[in-house]
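These protein sequence lines are chains A and B, in that order. Oh and the first sequence: position 8 is 8 in the UniProt record's numbering, straight run, nothing missing. Oh and the second sequence: position 104 is 104 in the UniProt record's numbering, straight run, nothing missing.
Everything labelled a hint here was simulated from the structure, so no lab data went into it. There's no promise every hint is true.
For identical chains, the list gives no copy identity; a pair is met inside one copy or between any two copies.
Claimed, not checked - Here are the computed lysine-lysine pairs in the DSBU-like style, where the Cα-Cα straight-line distance is at most 30 Å:
hint: 1; residue 1: K3; residue 2: K346
hint: 2; residue 1: K304; residue 2: K346
hint: 3; residue 1: K128; residue 2: K304
hint: 4; residue 1: K304; residue 2: K68
hint: 5; residue 1: K3; residue 2: K128
hint: 6; residue 1: K68; residue 2: K128
hint: 7; residue 1: K68; residue 2: K3
So the chains spell out like this:
2 protein chains.
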Amino acid sequence: MTKPLSPGATIGILGGGQLGRMLSVAASRLGLHVHIYEPAANPPASETADRITTAPYEDHDALTAFAKDCDVITYEFENIPTEALDLLEQHRPIRPCREALRISQDRLTEKGWLADLGLQVAPFADIKDAASLDTALERIGAPAILKTRRFGYDGKGQARINAPEDAADALASLNGAPAILEGFVSFTREISVIAARGLDGRVACFDPGENVHREGILRTTTVPATIPHSLATDAVLMASRILTALDYVGVMGVELFVTDTGLVVNEIAPRVHNSGHWTQNGCQIDQFEQHIRAVAGWPLGDGKRHSDVEMENLIGEDMDRLAQIAAEPGAALHLYGKAETRPGRKMGHVNRLR
Amino acid sequence: MTKPLSPGATIGILGGGQLGRMLSVAASRLGLHVHIYEPAANPPASETADRITTAPYEDHDALTAFAKDCDVITYEFENIPTEALDLLEQHRPIRPCREALRISQDRLTEKGWLADLGLQVAPFADIKDAASLDTALERIGAPAILKTRRFGYDGKGQARINAPEDAADALASLNGAPAILEGFVSFTREISVIAARGLDGRVACFDPGENVHREGILRTTTVPATIPHSLATDAVLMASRILTALDYVGVMGVELFVTDTGLVVNEIAPRVHNSGHWTQNGCQIDQFEQHIRAVAGWPLGDGKRHSDVEMENLIGEDMDRLAQIAAEPGAALHLYGKAETRPGRKMGHVNRLR
Numbered sequence: 001m002t003k004p005l006s007p008g009a010t011i012g013i014l015g016g017g018q019l020g021r022m023l024s025v026a027a028s029r030l031g032l033h034v035h036i037y038e039p040a041a042n043p044p045a046s047e048t049a050d051r052i053t054t055a056p057y058e059d060h061d062a063l064t065a066f067a068k069d070c071d072v073i074t075y076e077f078e079n080i081p082t083e084a085l086d087l088l089e090q091h092r093p094i095r096p097c098r099e100a101l102r103i104s105q106d107r108l109t110e111k112g113w114l115a116d117l118g119l120q121v122a123p124f125a126d127i128k129d130a131a132s133l134d135t136a137l138e139r140i141g142a143p144a145i146l147k148t149r150r151f152g153y154d155g156k157g158q159a160r161i162n163a164p165e166d167a168a169d170a171l172a173s174l175n176g177a178p179a180i181l182e183g184f185v186s187f188t189r190e191i192s193v194i195a196a197r198g199l200d201g202r203v204a205c206f207d208p209g210e211n212v213h214r215e216g217i218l219r220t221t222t223v224p225a226t227i228p229h230s231l232a233t234d235a236v237l238m239a240s241r242i243l244t245a246l247d248y249v250g251v252m253g254v255e256l257f258v259t260d261t262g263l264v265v266n267e268i269a270p271r272v273h274n275s276g277h278w279t280q281n282g283c284q285i286d287q288f289e290q291h292i293r294a295v296a297g298w299p300l301g302d303g304k305r306h307s308d309v310e311m312e313n314l315i316g317e318d319m320d321r322l323a324q325i326a327a328e329p330g331a332a333l334h335l336y337g338k339a340e341t342r343p344g345r346k347m348g349h350v351n352r353l354r
Numbered sequence: 001m002t003k004p005l006s007p008g009a010t011i012g013i014l015g016g017g018q019l020g021r022m023l024s025v026a027a028s029r030l031g032l033h034v035h036i037y038e039p040a041a042n043p044p045a046s047e048t049a050d051r052i053t054t055a056p057y058e059d060h061d062a063l064t065a066f067a068k069d070c071d072v073i074t075y076e077f078e079n080i081p082t083e084a085l086d087l088l089e090q091h092r093p094i095r096p097c098r099e100a101l102r103i104s105q106d107r108l109t110e111k112g113w114l115a116d117l118g119l120q121v122a123p124f125a126d127i128k129d130a131a132s133l134d135t136a137l138e139r140i141g142a143p144a145i146l147k148t149r150r151f152g153y154d155g156k157g158q159a160r161i162n163a164p165e166d167a168a169d170a171l172a173s174l175n176g177a178p179a180i181l182e183g184f185v186s187f188t189r190e191i192s193v194i195a196a197r198g199l200d201g202r203v204a205c206f207d208p209g210e211n212v213h214r215e216g217i218l219r220t221t222t223v224p225a226t227i228p229h230s231l232a233t234d235a236v237l238m239a240s241r242i243l244t245a246l247d248y249v250g251v252m253g254v255e256l257f258v259t260d261t262g263l264v265v266n267e268i269a270p271r272v273h274n275s276g277h278w279t280q281n282g283c284q285i286d287q288f289e290q291h292i293r294a295v296a297g298w299p300l301g302d303g304k305r306h307s308d309v310e311m312e313n314l315i316g317e318d319m320d321r322l323a324q325i326a327a328e329p330g331a332a333l334h335l336y337g338k339a340e341t342r343p344g345r346k347m348g349h350v351n352r353l354r
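For reference, chain A alone in the conformation it holds in the complex (with noise of 0.2 Å):
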C-alpha cells in the first residue's frame, strides 16, 4: 500500500498512554480514525482515540481482529513483543519499519548500528558476566554506567559504576539481564532532533531542542538550542542519515552529546518523543501530526518553527503547582488525563512561548 489513506481510514496505535493519546488527536485533525490496542484498561489514549482493545499482546485473536480493522499500524513505544509483530504484519503493514524497531529495542545492537553507520557513539561493551564486565572497565574506564540492553527508559535499569569495586553490586541489580556498559561522554550539552521521513523519501527535521534531564527522566527541552549554526546543521545531517539508512517511515526522536569533537549519539527512539512536545506550540505542523502524516503516506509539513518555545514536563509533585501554571497566560496546558498522580509519573507538560 503506497496510497496516501483518505479521511475515514483507521490507523491502528500499539500502546495507548500519552504519546498514543495525542496521536490520536493528531490523526482525528486529519479526519483519520484511530484504534488503540493496549494491555492496560482505560489508558491515557482510549479517551481521544476512535476505538480502543484492551488485550495483551500474547492474545492472537484480539491481534488479528486489531489488524484486520485498521488500514496501517504504528506505536508509541518499542518494546512490543516481536511474535506480536510477525502476527500484525502478516495483516498490514508497519510503520516505521520493524528494522528500526529491532535495532532500538537493544542497546548494544543500536549502538553498534551507530558505529556501523559511520556515526560516533559513547565507548560500549557487550557484558555477558562479571569477566567481561571487569574486562570492559579495564578499558572503558570508570565511572561508566551499567545498563540493561532491553525494556530501559526514563533511567530505569541502569546502575552507575564509579569505581571497579562498585561492578559486582552493578552487575547484580540488573538480576542477570542481558546488559551494555556504556563510557561517560564528557559533553557540554543534550540536544534531540525530532526527525520524519515520509514514504515518498522526503526528510523533514523540526530545529533541535536542547535537553535538561534529572534523575534520569527529561525536564525540559528549549528550542532554539544554545549551539552554533553549524551544529545544528550537523545533527539535522546526522538524523537524516539514520532514516535514510532504514527507508524510515515516521517521525524518529535522536538525542545527541554536544562535546568538543562534535556530536555523539546518545539513543535514537523509533516514535514521537517527548522532547518534541514543544512542536505543539512552536510549528504549525507538529510532531504528532509529522509522524501520523507519514504513516498515513501523506505529505510531510517541512518542521518550520514560528515561535521559541520552553517545554516543561509535569512530573509526580509537579501537579502542585496545576493551579499558577494554569494562571499563567501564555502557558499552554498539556493534562495526559491520569486519575492517578505518583511520583516520578509524567503526568502532562507545558509549552511556554519564550
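Assemble the complex: chain A is given as a structure, and chain B must be docked to it using the hints.
Here is chain B on its own, set in the frame of chain A:
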C-alpha cells in the same frame, strides 16, 4: 459551584458537531472529560469525546442521567429547546447563562437588546403579517432582508426583498414563521471579535478577524483585520460590554459591520464561533480552550496572538482540493470527520500563517 473544576471532572456539551468536537479536544488537553449529548448518531464529536448520549432533547430520562454525569453543562449551538434547558438546570449549572441563549435564539429580541444597550444595529422591525411588512418596508426601505426570528443559520431562513413587490413572495417563503425585517447596512467590511469572560468576571478578547462570506456562509477570516487600531479597540470594548451586561461565562462570537458611522453589531453567538478557528494556530490558548477554561472556572488565557493567520473554510466541493492543501508545507488542516461531503456542508478548515 464557583470552585474551578479539577482534572478528571466532566463537562457536558449539548451538540456533537465540529464545534463540540474541537471543544472536546481542548477539554481533554486540560485533563477534563467530556460527555456529549446529541440526538443524531455518530456525530463529529463522538470520536474525540469520552462519553456520548444519543437521545432527543425530549427524552427527560436521558437528559437527567446526562446532567447527573456532568459537573457543568455548556453547548455548541443556540437552538436548544427551552424545556430541555429547564430540566438540565435543575441538576447542574449551564454556562454560558440562559439569558444569553434567550436573547440570541431570537433575532428580534437580540436586536432590541443590543439597541437598548446603546449599540448600533441595523434598522429592524417585527413582522407579524403582510400589513406590518408593508409598514416596515416604508420605514426601512428596500433592499432589505426578511428573516425568521428563530432557527436560522448559514443564510437559511432568509429572503431578500429588492423592491416592495417582492414582499409577498418573501413572506410566503418563510411559511408563516415569526419574522424580522432588517435593513441593509452599508459597510466596508465585516469583522468579528471572539470574546471570553471568566467566572471571576474578567474579559479577554482575541484580535478582531476580518470575515468574507459567500452565499451566506463564512469563507475566510483573516487576522489582523485591515482596520485602524482605534476601531479594533472599539470592537473589543463593545464585545466586553455585551458579555459584562449578560454576566456571561464562556466564549462569544460578536459579528460587527465596519461603517462610516462606526461599528454596527450584526449578530452575537453565545458559543465558540467559526470566525474564531484561526486562534487554533495563531494563539497559545485558542477559543476552544478559552471556552472550556471559562465554563470550568479556570483562569482565562490573555488572547495574545503570536502569528498572522488566514482561516479558509472547506465547504462541500472544496474537499476536492484536499490533496493539494495537504501538500502545502505550512497549512494547518482541521477536518471534522464527516463521512459524507455535501454541497454547502462545512467539512473542515485550513489555517495558514501569513
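Structure-based check of all given hints:
1. K3 / K346: between (37 Å within a copy, 26 Å between copies)
2. K304 / K346: both (27 Å within a copy, 28 Å between copies)
3. K128 / K304: neither (45 Å within a copy, 57 Å between copies)
4. K304 / K68: Classified as neither: same-chain Cα gap 36 Å, cross-chain 45 Å, threshold 30 Å.
5. K3 / K128: neither (46 Å within a copy, 58 Å between copies)
6. K68 / K128: So K68 and K128 fail the 30 Å test inside a copy (41 Å) and across (60 Å) alike.
7. K68 / K3: within (18 Å within a copy, 47 Å between copies)
Checked against the numbered hints listed earlier, the structure breaks hints 3, 4, 5, 6; every other hint is satisfied.
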